[in-house]
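Between the sequences and the hints, there should be enough to build the whole structure, so can you do that?
Residue numbers for the sequence shown, in mature numbering (1 follows the signal peptide of the UniProt record, and there is no 0): -16 to -1, 1 to 237.
Hints listed in this document are in silico derivations from the structure and should not be mistaken for laboratory results.
What you are looking at is a predicted structure, and each value in this text was computed from that prediction instead of being measured.
Take these hints with a grain of salt, some might be off.
Said to hold, decoys possible - Dumping the calculated SDA-like pairs for lysine to any residue here, alpha-carbon to alpha-carbon at most 20 angstroms:
#1 LYS94 - PHE105
#2 LYS92 - PHE143
#3 LYS234 - PRO192
#4 LYS94 - ILE211
#5 LYS212 - ILE91
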Amino acid sequence: MMKIFVLILCSTSALNIPGITRNRAGINRKKPSSLHSSVANGGAEENKFATTIAPTIGVIVANGMFLSSLPAVLDARSIGSLGSLNPIPWAFIWANCVAWLHYSVIIKNKYAFFSNALGAFLGLFFVLTGMALGSPAQRSALEIIALSATSMHIIATLFTTFLLKSQKQRQLFTGYLANIILIIFYAAPLSTLADVLATKSAASIYAPLSIIAGVNSALWVIYGLAIKDFFLAIPNGAGLLLAIVQLSFKAIF
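What follows is the structure in structure tokens.
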């Protein structure tokens, strides 16, 4: 969130303008007005919301979204079958969260770290469940995705630890990597939207989850803009747009 403060400097005479006092050095200074104080306080409150409250709520909402899949996975483990569950997105959850963990460590951002730590743990748990209960084709796909993502993260760690010299280079490298994986992760809901258009049915879109995802994305957009981190703001802006499109399709179809 960008804030522009305009400071107007005026040269006036202490003889004809009230509220002017003379200091010991003989320099005229205007007393701060209550209006200026209230504007400053309002700006501080807005900044606190954008840089502290919004990401804190974002951490809670993000972890809640990861936990929302846990009951279905535990049920599948109890009956020994995935049923209609698709395990492929689980691998991307794990890969995506690990990428953002790497980025959060590079930029030393606790909000980005704690919003992805649980997701990385649960994502791996979900992948192991898919490997145990999935069909041969599903297990093969999970292996390919997991091994490819692991290779990418090993290479990323090599670059950020030994090859990239500046903090800016490390931030750009991990930021772009996390966004590339996130784009791939967004392919799943995009394919769902394509199915909705083809079948003229939005039964596959769960509106409450889309609303929560939209709120979560909006919180991170606010935070990303406030700290001028566009690796956080831009992809979450795309996530917010995707949630709006999903809800629009739900209303139309």
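Quick rundown of the hints versus the structure:
no.	hint	in the structure
1	LYS94 - PHE105	holds, 17 angstroms
2	LYS92 - PHE143	holds, 17 angstroms
3	LYS234 - PRO192	holds, 11 angstroms
4	LYS94 - ILE211	holds, 13 angstroms
5	LYS212 - ILE91	holds, 12 angstroms
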